[in-house]
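Residue-level listing of the chains:
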Amino acid sequence: DAGVIQSPRHEVTEMGQEVTLRCKPISGHDYLFWYRQTMMRGLELLIYFNNNVPIDDSGMPEDRFSAKMPNASFSTLKIQPSEPRDSAVYFCASSLTHTQYFGPGTRLTVL
Amino acid sequence: GQQLNQSPQSMFIQEGEDVSMNCTSSSIFNTWLWYKQDPGEGPVLLIALYKAGELTSNGRLTAQFGITRKDSFLNISASIPSDVGIYFCAGQPGGGGSNYKLTFGKGTLLTVNP
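Protein chains in written order, with my numbering: chain S, 1 to 111; chain Y, 1 to 114.
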């Protein structure tokens, strides 16, 4: 298996622009998690899905953030409009049970 | 919410030395996990612990699930340069459903001097 796939690996955008991050979980995994990692706050869970349904979005910072999972093999995290404080590494992870497998992350820089 | 205190924040050691790091929690977890993150990559699972008191090894790594279920430690023996990275503990309430959420510690940055 190719593992969790994320794209793009790097994204540089200007404040106010829309950003879409993409994730393909490991085939057969029914849980998908979106995390944000910063030096100040470490790894934070933003939202997670079970069987394509959002279960807990309490970590989503504000309404500018939204996530979807239209099918079992694809999820997006969208930021609109983006702000400089959104700069971070965003990870997607998937799991079948306890063990979460992380993707390589998307490094987002908002200028 | 739940918080994990991971220590030390960073360690600088000589190759061949043993390393120990730990995590404590304000609440109980039913599963403890230890991850390692290399630069530019996502965290990779090293060891998973499922029972209080459990001691588990993975090569030179040994981890224990504390009896109180509020702490865990990770030991690395005979460190080598490729052990460099950030080590994270993570706790999970367990039981399925929403209890698959992980709470992460802030990480321990390990530097190994050859």
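Simulated from the structure, these hints should not be mistaken for laboratory data. No residue lacks a Cβ here, since even glycine has one placed at the ideal position from N, Cα and C. Careful, some of the hints might be misleading.
[Claimed, not checked] Listed below are the simulated BS3-like cross-link pairs for lysine-lysine, each with C-alpha atoms no more than 30 Å apart in a straight line:
hint : chain 1 : residue 1 : chain 2 : residue 2
1    : Y       : Lys51     : S       : Lys68
2    : S       : Lys24     : S       : Lys78
3    : S       : Lys78     : Y       : Lys51
4    : S       : Lys68     : Y       : Lys70
5    : Y       : Lys70     : S       : Lys24
6    : S       : Lys68     : Y       : Lys106
[Claimed, not checked] Cβ pair distances, simulated, as ranges:
hint : chain 1 : residue 1 : chain 2 : residue 2 : range
7    : S       : Glu18     : Y       : Lys51     : 23 to 29 Å
8    : Y       : Asn113    : S       : Arg85     : 19 to 25 Å
9    : Y       : Ala52     : S       : Asn71     : 25 to 31 Å
The hints, checked one at a time:
Under the criterion of a C-alpha separation no larger than 30 Å, the hint pairing lysine 51 of chain Y with lysine 68 of chain S is inconsistent with the structure, at around 35 Å. Taking the CA atoms of lysine 24 of chain S and lysine 78 of chain S, the gap is near 15 Å; set against the 30 Å cutoff, the hint holds. For the suggested pair lysine 78 of chain S and lysine 51 of chain Y, the alpha carbons sit about 38 Å apart, so the restraint of at most 30 Å is broken. In summary, the hint linking lysine 68 of chain S to lysine 70 of chain Y is not supported, as the alpha carbons are separated by about 34 Å, beyond the 30 Å threshold.
For the proposed pair lysine 70 of chain Y and lysine 24 of chain S, the alpha carbon gap of about 34 Å is over 30 Å, so the pair is violated. Simply put, lysine 68 of chain S and lysine 106 of chain Y have alpha-carbon atoms about 28 Å apart, close enough for the 30 Å limit, and the pair holds. One distance hint, 23 to 29 Å for the beta-carbon pair glutamate 18 of chain S and lysine 51 of chain Y, is violated here, with the actual separation near 46 Å. Between asparagine 113 of chain Y and arginine 85 of chain S the CB atoms are about 36 Å apart, so this pair departs from the stated range of 19 to 25 Å.
The supplied range of 25 to 31 Å is broken by alanine 52 of chain Y and asparagine 71 of chain S, whose beta-carbon atoms lie about 39 Å from each other.
The structure fails hints 1, 3, 4, 5, 7, 8, 9 (numbered hints given earlier, in ascending order).
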